[in-house]
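Participant: Sequence:
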Amino acid sequence: MADVTTSPRRGRVVPAILAGLLLAGCGSEPDRPAATPPASTPPAPSGAAGADPAARAAQLVATLGDEDLVGQVLMPYAYGSAADNVSAGSAAGNRKLAGVDTPAQMIAKYRLGGLILVGFSADDPTGGNQATTNVDNPTQVRDLTTGLQTAARKLAAGSVPLLVGTDQEYGVVTRIKDGVTQLPSGMAFGAAGDPALTEKAWRAAGSELAALGVNVDFAPDADVLRAQSTVIGSRSYGADPKNVAAQVGGAVRGLQGAGVAATLKHFPGHGDTAADSHQDLPVLKQSRATLDRNDLPPFKSGIDAGAWLVMSGHLDTRAVDAGTPATFSHKVITDVLRKQLGFSGVVVTDGMNMAPAQKWPAGEAAVRALKAGNDLLLMPPNVGKAYDGLLAGLRDGSLPRDRLVEAATHVLTLKFRLAGHPAPAMSTLGSAPNKAAVQQVSAAAVTQLRGPCTALPGPVTVTSSNGRQHTRDLLTRALRAAGVQVVGSGGRVVHLIGYGDGAGDLSADAAVTVAMDTPYLLAKAKSERLLATYSSTESSMAALAAVLAGKAKPTGRAPVPVSGLPATSCGG
Numbered sequence: 010m011a012d013v014t015t016s017p018r019r020g021r022v023v024p025a026i027l028a029g030l031l032l033a034g035c036g037s038e039p040d041r042p043a044a045t046p047p048a049s050t051p052p053a054p055s056g057a058a059g060a061d062p063a064a065r066a067a068q069l070v071a072t073l074g075d076e077d078l079v080g081q082v083l084m085p086y087a088y089g090s091a092a093d094n095v096s097a098g099s100a101a102g103n104r105k106l107a108g109v110d111t112p113a114q115m116i117a118k119y120r121l122g123g124l125i126l127v128g129f130s131a132d133d134p135t136g137g138n139q140a141t142t143n144v145d146n147p148t149q150v151r152d153l154t155t156g157l158q159t160a161a162r163k164l165a166a167g168s169v170p171l172l173v174g175t176d177q178e179y180g181v182v183t184r185i186k187d188g189v190t191q192l193p194s195g196m197a198f199g200a201a202g203d204p205a206l207t208e209k210a211w212r213a214a215g216s217e218l219a220a221l222g223v224n225v226d227f228a229p230d231a232d233v234l235r236a237q238s239t240v241i242g243s244r245s246y247g248a249d250p251k252n253v254a255a256q257v258g259g260a261v262r263g264l265q266g267a268g269v270a271a272t273l274k275h276f277p278g279h280g281d282t283a284a285d286s287h288q289d290l291p292v293l294k295q296s297r298a299t300l301d302r303n304d305l306p307p308f309k310s311g312i313d314a315g316a317w318l319v320m321s322g323h324l325d326t327r328a329v330d331a332g333t334p335a336t337f338s339h340k341v342i343t344d345v346l347r348k349q350l351g352f353s354g355v356v357v358t359d360g361m362n363m364a365p366a367q368k369w370p371a372g373e374a375a376v377r378a379l380k381a382g383n384d385l386l387l388m389p390p391n392v393g394k395a396y397d398g399l400l401a402g403l404r405d406g407s408l409p410r411d412r413l414v415e416a417a418t419h420v421l422t423l424k425f426r427l428a429g430h431p432a433p434a435m436s437t438l439g440s441a442p443n444k445a446a447v448q449q450v451s452a453a454a455v456t457q458l459r460g461p462c463t464a465l466p467g468p469v470t471v472t473s474s475n476g477r478q479h480t481r482d483l484l485t486r487a488l489r490a491a492g493v494q495v496v497g498s499g500g501r502v503v504h505l506i507g508y509g510d511g512a513g514d515l516s517a518d519a520a521v522t523v524a525m526d527t528p529y530l531l532a533k534a535k536s537e538r539l540l541a542t543y544s545s546t547e548s549s550m551a552a553l554a555a556v557l558a559g560k561a562k563p564t565g566r567a568p569v570p571v572s573g574l575p576a577t578s579c580g581g
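Numbering (my numbering), first residue to last: 10 to 581.
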C-alpha cells in the first residue's frame with residue numbers, strides 16, 4: 010500500500026478524455042435555478058471551464074495524483090456512530106475492514122470519494138450485507154456526517170463534499186427511521202399511481218435527508234416486478250413498465266429537487282427473477298426485445314428526469330452478456346447503459362461485498378468493475394485490498410489510466426453539483442408539510458381487492474401475524490381517532506399480514522385481511538374484505554383506518570397482478 014503521508018504522484022491525465030468530458034458533461038441535469046455555492050466551495054474557475062460542474066471536475070482531476078484518483082472511486086462503509094470517536098468493537102471492525110480505527114481515519118488513509126451509512130432494519134431483504142449500523146437518531150446522524158465532511162475537506166479533492174449515501178428506499182429497506190418522515194413503499198406509490206404526488210413526497214424525503222447531511226440516496230428502485238421476489242417485492246413500483254417509469258421519474262425529480270442525488274437500481278432490472286443477488290447470481294432469461302420493452306423503460310425515464318447515478322446489479326443478463334454479472338460486463342454497462350440509454354452520470358456498483366462480486370479477490374474485482382464502466386465501487390469487502398488492487402492495476406497497465414480519469418471525473422462532477430445545495434435546517438424533519446405530502450400518497454395507495462366499499466361495522470378487533478404489536482397499536486389508535494370502537498376480542502377481526510408471511514399466517518376468522526407488503530398472499534385469504542396498504546407506516550395505518558371507518562374511499566389499484574382478484578373492487 011502506498012504511504013499516504015507522502016506527497017501524491019501526479020497522474021498523467023489523458024487530454025482526450027478530459028476534453029470529451031468538458032464538451033459532453035457528465036450526466037443530464039434537470040433545469041433549476043442557479044444556487045449560490047456555500048463558503049466551503051471554491052469559486053468557479055475562470056476561462057473555458059466557467060461554472061460547469063463537469064468542467065470544474067476535469068480541472069480538479071488534472072491536479073490529482075494516483076492515490077487521490079483511486080480514492081475518489083471508492084465508497085466503503087465504516088464502523089462507528091461518530092467520525093472520530095468509536096467504541097472498541099467498532100475500532101476492531103474498522104481495523105479488519107481497512108486497517109484504521111475510525112471512519113475519519115479511513116477517509117484520510119484512502120482519500121475516499123464517499124462513505125455509505127448502513128443500518129439494520131426489520132424484515133429487510135438486503136440485511137445480509139449490512140455488517141454494522143451507524144444510524145441511530147437525527148442528531149447522531151447529522152453529527153456523524155458533519156464529522157465525515159470535516160475529514161474529507163483535508164484531502165486534495167476536499168474543495169467538494171464527500172459523497173455520503175444510504176439506502177433510504179422506504180418500506181422494507183429503510184436505514185434511517187427514527188425522527189424522520191416515513192414514506193410508504195415503492196409499491197404503495199405504484200398503487201396510488203400519481204407521479205405528481207410521488208414527486209412531492211420524495212421532495213419532502215429529500216429535504217430531510219439533506220438536513221441530516223446525506224447527499225446520495227440509493228433509491229428509487231427501477232425494477233419492474235414480474236417474479237414473486239422476496240428481495241425486490243414491494244420495493245418495486247409494480248409490474249407495468251409504463252407505470253413504474255412514471256413513478257421513477259417523479260421520485261428522481263423530487264429527490265434531486267431537494268439537493269439529494271437519486272440512484273436508479275438495479276440495472277438492467279432485478280424484477281424478473283426470484284433469486285437474491287446478495288447470495289447468488291440471478292439469471293435474467295428474457296430476450297433482448299423483452300428486456301428493452303419491459304425492464305429498461307424505468308431506467309430511461311429516470312435518466313430523462315436527470316438521475317445522477319445508476320446502480321449496476323449483480324445479474325446474469327443472458328441476452329446481453331451470458332455468464333457475466335452486469336456489474337462486471339462492459340456490454341451491459343458501457344454498450345447498453347452508456348450508449349443505448351445515453352447515461353453519462355455516475356455508475357455505482359451494488360455492494361462489492363455481495364456473493365457474486367466476491368468471485369474474485371477484492372483488488373481484482375475492483376479493477377474488473379471499473380473497466381466494465383462503473384465509476385464508484387460500493388462497499389468493498391476489504392478497503393485496503395481494493396485500493397491497492399486499483400493502484401497496482403493502474404501501474405501495471407491492467408487498469409487503463411483514461412478509464413480511471415473518466416470515473417473520477419464523473420464522481421467529482423456529481424460532487425460539484427451537490428456543492429450548490431446547502432443543507433436545510435433540522436427543523437424540516439417531520440414538518441407538517443412533509444407529513445401532509447406523505448399522508449396524501451398513503452391515502453391514495455389503499456387498495457380494496459374484494460368486499461363492500463362501505464364502512465366496516467364495529468366493534469373491531471385488530472390482530473396480526475408474527476407479533477407486530479407496534480403496527481397493531483398504530484392501527485388501533487387510528488381507528489379510535491376515526492370514531493371506530495376497538496375491543497381486545499370479540500369484534501370483527503381486522504388481520505394484518507406483512508413481509509415474509511405465508512398461508513399459515515392468515516386468519517380464518519378475519520372479516521378483513523390487510524396486506525402490508527406485496528398483495529400476493531391475499532389470493533389465499535378467505536376474508537369477505539381484502540385490502541392492501543403495501544406498508545405499515547403510521548401514515549399507512551391512518552389511511553387504512555379512514556377507509557374502514559367509511560371516511561375515505563380506497564382509490565388505489567394493485568400495481569401487480571394478484572391471482573383471482575381484480576386490481577380494485579371499488580372502481581377507480
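It is possible that part of the hints are untrue.
Claimed, not checked - In silico SDA-like links for lysine to any residue, alpha-carbon gap of 25 angstroms or less:
{"id": "1", "residue 1": "K309", "residue 2": "A331"}
{"id": "2", "residue 1": "K444", "residue 2": "R459"}
{"id": "3", "residue 1": "K535", "residue 2": "D411"}
{"id": "4", "residue 1": "K163", "residue 2": "A117"}
{"id": "5", "residue 1": "K562", "residue 2": "N252"}
{"id": "6", "residue 1": "K533", "residue 2": "A165"}
{"id": "7", "residue 1": "K380", "residue 2": "G429"}
{"id": "8", "residue 1": "K294", "residue 2": "K348"}
Claimed, not checked - Restraint-style ranges between C-beta atoms, simulated for each label pair:
{"id": "9", "residue 1": "K294", "residue 2": "K105", "range": "16 to 26 angstroms"}
{"id": "10", "residue 1": "R162", "residue 2": "G351", "range": "49 to 59 angstroms"}
{"id": "11", "residue 1": "T72", "residue 2": "T343", "range": "22 to 32 angstroms"}
{"id": "12", "residue 1": "R489", "residue 2": "D518", "range": "43 to 53 angstroms"}
{"id": "13", "residue 1": "N475", "residue 2": "A445", "range": "43 to 53 angstroms"}
{"id": "14", "residue 1": "G429", "residue 2": "A97", "range": "32 to 42 angstroms"}
{"id": "15", "residue 1": "A490", "residue 2": "G580", "range": "22 to 32 angstroms"}
{"id": "16", "residue 1": "A532", "residue 2": "D187", "range": "34 to 44 angstroms"}
{"id": "17", "residue 1": "S572", "residue 2": "A464", "range": "42 to 52 angstroms"}
{"id": "18", "residue 1": "G188", "residue 2": "R104", "range": "23 to 33 angstroms"}
{"id": "19", "residue 1": "A490", "residue 2": "P466", "range": "24 to 34 angstroms"}
{"id": "20", "residue 1": "S436", "residue 2": "R162", "range": "23 to 33 angstroms"}
{"id": "21", "residue 1": "A434", "residue 2": "G406", "range": "20 to 30 angstroms"}
{"id": "22", "residue 1": "G429", "residue 2": "Q494", "range": "16 to 26 angstroms"}
Think of the hints as simulated: they come from the structure by calculation, not from any bench. Remember, it's a predicted structure, so these values are computed and weren't measured experimentally. By construction, the Cβ of each residue, glycine as well, lies at the ideal position given by its N, Cα and C atoms.
Participant: Does the Cβ pair A490, G580 satisfy 22 to 32 angstroms?
Facilitator: With Cβ atoms ~27 angstroms apart, the hint holds.
Participant: Is the distance from the Cβ of A434 to the Cβ of G406 consistent with 20 to 30 angstroms?
Facilitator: This hint is violated: roughly 50 angstroms between Cβ atoms.
Participant: Taking the Cβ atom of G188 and the Cβ atom of R104, is their distance within the range 23 to 33 angstroms?
Facilitator: holds, 31 angstroms
Participant: Should the hint that T72 and T343 are 22 to 32 angstroms apart at their CB atoms be regarded as holding?
Facilitator: Holds - the Cβ-Cβ distance for T72 and T343, about 27 angstroms, lies within 22 to 32 angstroms.
Participant: Below or equal to 25 angstroms on CA atoms is what counts here, so check K535 against D411.
Facilitator: violated, 62 angstroms
Participant: Indicate whether the distance between the beta carbons of G429 and A97 respects the range 32 to 42 angstroms.
Facilitator: With a Cβ separation near 40 angstroms, G429 and A97 satisfy 32 to 42 angstroms, so the hint holds.
Participant: Under the criterion that the straight-line Cα-Cα distance not exceed 25 angstroms, is the pair K562, N252 satisfied?
Facilitator: holds, 22 angstroms
Participant: Determine whether the Cβ-Cβ distance between A532 and D187 falls within the hinted range of 34 to 44 angstroms.
Facilitator: holds, 35 angstroms
Participant: K309 and A331 were given as a pair; does the straight-line alpha-carbon distance stay at or below 25 angstroms?
Facilitator: holds, 23 angstroms
Participant: For S572 and A464, compare the CB-CB distance with the range 42 to 52 angstroms and indicate the outcome.
Facilitator: violated, 28 angstroms
Participant: Between G429 and Q494, does the beta-carbon spacing fit 16 to 26 angstroms?
Facilitator: violated, 54 angstroms
Participant: Mind checking the hinted window 23 to 33 angstroms against the Cβ distance between S436 and R162?
Facilitator: 26 angstroms Cβ-Cβ, so the 23 to 33 angstroms window holds.
In summary, the numbered hints that this structure violates are 2, 3, 6, 7, 9, 10, 12, 13, 17, 19, 21 and 22.
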